[in-house]
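Using the hints provided, position chain F relative to the given structure of chain U.
Chains U and F supply the protein sequences, listed in that same order. Residue numbers for the first sequence follow my numbering, so the first one is 1 and each next one is one higher. Residue numbers for the second sequence follow my numbering, so the first one is 247 and each next one is one higher.
Bear in mind the hints are in silico, worked out from the structure with no lab data behind them. Every residue, glycine too, gets a C-beta built ideally from N, C-alpha and C. Incorrect hints may have been included.
[Stated by the list, open to error] To give an idea of the interface, some chain F residues facing chain U are shown, with a C-beta separation under 8 Å as derived from the structure: (1) ILE307; (2) ASN318; (3) GLU319; (4) PHE369; (5) SER395; (6) ARG396; (7) GLY398; (8) THR435; (9) GLU451; (10) THR455; (11) ARG471.
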Amino acid sequence: MFRPLHQLVPLTIIFAIAVTAFVVGRMYLVPETFGEYGHYRADAVGEVASQEIAYAGYQVCYDCHDDIYDEKMESNHSGVSCEVCHGPAAAHTEAPDEVTPDIPHGRSDCVLCHGYNPSRPSGFPQILPELHNTGKPCMVCHNPHAPVLDHAPTECSACHRKISSQKMVSHHALLECSQCHTVAEGHRTNPASVRADKPESKDVCGSCHDKGAESSRGIPRVDVETHNARYLCWDCHYPHQPEVVR
Amino acid sequence: MKNNKPQMNRREFIDTVSRKVPTWLAFVSAFGAGELILAKDSDYNPEDHDYAMGIEIHNCIGCGRCADACKNENKVPREHSYFRTWVERYVIPPEGEAIVDSPNGGIDGFPKLKEGTEILRSFFVPKLCNHCAEAPCVQVCPVGATFTSRDGVVLVDESYCVGCRYCIQACPYGARYLHPETHTADKCTFCYHRITKGLLPACVEVCPTGARIFGEKGRRSSPLRRFLRFNDITVLKPGLNTQPKVYYAGADMEVR
Chain U
1 MFRPLHQLVP LTIIFAIAVT AFVVGRMYLV PETFGEYGHY RADAVGEVAS QEIAYAGYQV
61 CYDCHDDIYD EKMESNHSGV SCEVCHGPAA AHTEAPDEVT PDIPHGRSDC VLCHGYNPSR
121 PSGFPQILPE LHNTGKPCMV CHNPHAPVLD HAPTECSACH RKISSQKMVS HHALLECSQC
181 HTVAEGHRTN PASVRADKPE SKDVCGSCHD KGAESSRGIP RVDVETHNAR YLCWDCHYPH
241 QPEVVR
Chain F
247 MKNNKPQMNR REFIDTVSRK VPTWLAFVSA FGAGELILAK DSDYNPEDHD YAMGIEIHNC
307 IGCGRCADAC KNENKVPREH SYFRTWVERY VIPPEGEAIV DSPNGGIDGF PKLKEGTEIL
367 RSFFVPKLCN HCAEAPCVQV CPVGATFTSR DGVVLVDESY CVGCRYCIQA CPYGARYLHP
427 ETHTADKCTF CYHRITKGLL PACVEVCPTG ARIFGEKGRR SSPLRRFLRF NDITVLKPGL
487 NTQPKVYYAG ADMEVR
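Isolated chain U, as found in the complex (with noise of 0.2 Å):
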């Protein structure tokens, strides 16, 4: 007699089999944490962040070396992390005694940043190493913690960057700052506290532009009374990049 229900037997066996070894061998395979927030093992992110730390940072630097840390506060390199130049410190603020960090004393160390290259934003200050005072290392005039001698930048794009590489390319290339800005004495080594001059008025721009000023041909000319009146130059023209009209 023919009894269908009886095939099915065997197979049932086999899918319970499988099904159990796929659950014990998930269970086996699959490490402990993995999907707890997405499809990767959770317990990663802490051994990622167990890693040890080779770089210090200045604030711990400045527990024990306030006095050198408050003089390179008050210079240029007042940005410079101290581990930018002595190297990963980390090992030494656990044992200060065993581990020294590096203290630089060629010429190699400062010319990665002061050698000069095209590339550099101009006005960084830079220095031609096969001219400067050769063999000289850097520390016999220089301090790396105050490195400026007795003057400050000369070039206004030393901190002004940005709009220097701006004017550098428009029609204004050519114009002096000191064009429209008046550069008050102490600005350049106290910039936070004795700020540069802005033009105030229009008559500024007219000088070389208004229709009746003294000014070589090719200048493009307005009449500055009535060429939009209501509005002063720059709310529309950018003067470092005055084709640039907003």
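Same frame as chain U, now just chain F:
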């Protein structure tokens, strides 16, 4: 008869399955509830953070200290083809193609340009993993070894990676490499071990000109918020819709 026996087995089977599968499931999920090492150790909560980085190209002087510090901090092999971050020099001539180079990632400085090279513009561009919100590397990983953590950092599970290199192929920014010793994929983690302890990533810590700004997009006090607000921002290869979390200010059209 012999034919009766299997029917009993089926009943037994259903009985077994219905009784034991929930037990197994409970067992598996109990394992799954393992706590993060991180969560145990501190009150750091990844949900509160949304890390990102800003790069001010006008400030970069190409000193390569970031790439050097990264290698020190993360024990990246010193050989010339392994970088988690590197600095590229772009030289744009008046006519023709831009020249881009990055000898040893910029760590040893940049060689002099060929005699007579005309320069229209030139600048440095630091590069690193963009920690994309829609990361192609995460999508292609066949085993779930690379993932976006809850604080928005793309990480690699070193012990789970099988080294198939799919992610290295998938990354449009070339930010990944196969570590020669572990034979697993490796890349920038935003110095995850540092940022979770409140420190800055090593490259940001050592950048002498403040060209790298690290912070959180969602936090008003973060320096990154100021950077994003006061600059014209671009990301690399925006057309790929990877939604990078490394933002560039002052990037030329040539920067890719």
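Verification of the supplied hints:
1. ILE307: holds (5 Å)
2. ASN318: Status holds, d = 5 Å.
3. GLU319: This interface hint holds because 5 Å falls under the 8 Å limit.
4. PHE369: holds (6 Å)
5. SER395: Holds, because the Cβ-Cβ distance from SER395/F to chain U comes to roughly 5 Å (cut-off 8 Å).
6. ARG396: Cβ of ARG396/F sits 6 Å from chain U, so the hint holds.
7. GLY398: violated (12 Å)
8. THR435: holds (6 Å)
9. GLU451: holds (5 Å)
10. THR455: Holds, because the Cβ-Cβ distance from THR455/F to chain U comes to roughly 7 Å (cut-off 8 Å).
11. ARG471: Violated: closest Cβ of chain U sits about 19 Å from ARG471/F, beyond 8 Å.
Hint compliance for this structure: hints 7 and 11 are not met, and every other hint is.
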